[in-house]
Amino acid sequence: MLQKVLSLSMEYDMLPRGGRVLCAVSGGADSMCLLHLLGELAKPGGFTIAAAHFHHHLRGAESDRDAAFVAQWCAARDILFVMGEGDVNAQAQSRGLGVEETARQLRYDFLRQSAEALDCTRIATAHNADDNLETLLLHLVRGAGLHGLSGIPPRRDGIVRPLLACSRAEVLSYLAEHGIPHVEDSSNSDEAYARNRLRHQVVPVLRDLNPRLSEGVAATMALLRADNDYLNAQAALVCANARWAEDDLVIEARLIAELPPAIAPRAVRRLLEMLGDGNTNCSSAHLNAVVELARGSDPSAVVFLPGGKLAQRVYRELLLTRSSDPLPPFLPAPLVLDGETLLEGTPWRVRCRSLPCPDESERLPGAVYLDRDKVDGVLLLRPRQTGDEIALPRRGGTKTLKKLFIDEKVPRREREHIPVLADRAGVAAVAGFGADQRRLAQTGGRAYELLFWKKE
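Residue 219 in the UniProt record's numbering sits at position 219 of the sequence shown, with consecutive numbering throughout.
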């Protein structure tokens, strides 16, 4: 099993030497196996690990038990640990999505934010070969193209899956051999979920027909993935012709209209991923509607898409944008100098403490160290204001926040919700970007340690 993990990890550069890997840990068998394996491989591989657990609040006391189990396991082994939480049921209602899809979105949002805050170059999840088989069967039952039939990718957008070549039986054997405990999710036995019905009723029958079912299906998915990757690469070449108009993405309609049917919808998906969060939630019907928009003759037709996005024909061009109105600015709040500041109406929180500025090697990942002697008056957390500017380290001089947000492609809708820390002298720091280089503390000097983080 270790050889399988090492082979797949090397093929897809999953565990970079000198980097940090954030391991998603639910407490179940797969994730505990992955966490232990990464711990064993970290020192010889020259990387470090951190663990992250998302509390979904879906199973009452059982969810609390899972969170406490993972936290205690990590604490006993000095593993850097972070936990997030979210009200999945409430979010599912507000987003108009199912509970499973909402939980997945919240979990991955938390993982990406934690990885950024902890300076992790990879996020590792514990999907195994049996998960991949079940995913393929689900997509086959519901109907899918090459993208769906390619299964779970070993690596995509910084997310890696080192256990993808290992079976569930191998995972359980590894846990038993090394005496590693885990918790059981009672919902895994609930056959109201389609995946569980496949796992308990369908897969055993298929294994009777072919005892090497997982291996055979994995080989087929690898072939389909290669075909899919090639077609996606052709679509990406076309999308390189798109240009930004502030937050909107514009491309000549003919470039999409002239593509063959196997590539045109892929190009639309790629454009939508470029536009926003990488999660389009678009069906093939949505993608084909945008293709038809590009091929049509109506110079001002519109297609509304999931996630507050829309595609609009503007004469000879196709414009992709977000249809949602900007979020209202939040109320300013003074920074709590030794504690936590919660910004009402936003997911942002800021933790602050006073201390001598530590050496680079001892600084908290993602933290900002502000020189206390360069603070002029009260430090206030507020939305951006006209004329705000900041000089970020290694960014080439002073830049207005308006230009910074545009250059960094911060969605227009979210710009008024990004906390700006300011005093009478101007902007001291911006959440997600860092401190003004003129305000940074030097090692040993009096400093405020600031950690900006988002909580769902």
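Since the hints were derived computationally from the structure, they do not count as laboratory data. Treat the hints with caution; some may be incorrect.
Straight-line distance between alpha carbons at most 27 Å, and here's what the computed DSS-like set of lysine-lysine pairs gives [claimed, not checked]:
1. Lys309 / Lys409
2. Lys454 / Lys409
3. Lys374 / Lys309
Just the calculated beta-carbon pair ranges, DEER-fashion [claimed, not checked]:
4. Ser354 / Tyr12: 30 to 38 Å
5. Tyr12 / Asp119: 42 to 50 Å
6. Gly396 / Leu319: 28 to 36 Å
7. Phe304 / Arg243: 30 to 38 Å
8. Glu62 / Ala333: 33 to 41 Å
9. Arg243 / Arg394: 47 to 55 Å
10. Asp78 / Arg353: 28 to 36 Å
Where is the CB? At the ideal position from N, CA and C, for every residue including glycine.
Each hint, compared with the structure:
1. Distance check on the hinted pair: Lys309 and Lys409 sit about 15 Å apart at the alpha-carbon level, within 27 Å; holds.
2. The suggested pairing of Lys454 with Lys409 holds, with an alpha-carbon distance near 19 Å, which does not exceed 27 Å.
3. Restraint check for Lys374 and Lys309: the C-alpha separation of about 43 Å exceeds 27 Å, so the hint is violated.
4. Between Ser354 and Tyr12 the beta carbons are some 44 Å apart, a value that contradicts the proposed interval 30 to 38 Å.
5. Between Tyr12 and Asp119 the CB atoms are about 21 Å apart, so this pair departs from the stated range of 42 to 50 Å.
6. Judged by the Cβ atoms, the range 28 to 36 Å given for Gly396 and Leu319 holds: they are separated by roughly 30 Å.
7. For the pair Phe304 and Arg243, the beta carbons lie near 23 Å from each other, so the given range of 30 to 38 Å is not met.
8. In this structure, Glu62 and Ala333 meet the distance hint of 33 to 41 Å, their C-beta atoms being roughly 36 Å apart.
9. Checked against the hint of 47 to 55 Å, the pair Arg243 and Arg394 fails, with Cβ atoms roughly 26 Å apart.
10. For Asp78 and Arg353, the hinted distance range of 28 to 36 Å is not satisfied, since their beta carbons lie about 21 Å from each other.
Hint compliance for this structure: hints 3, 4, 5, 7, 9, 10 are not met, and every other hint is.
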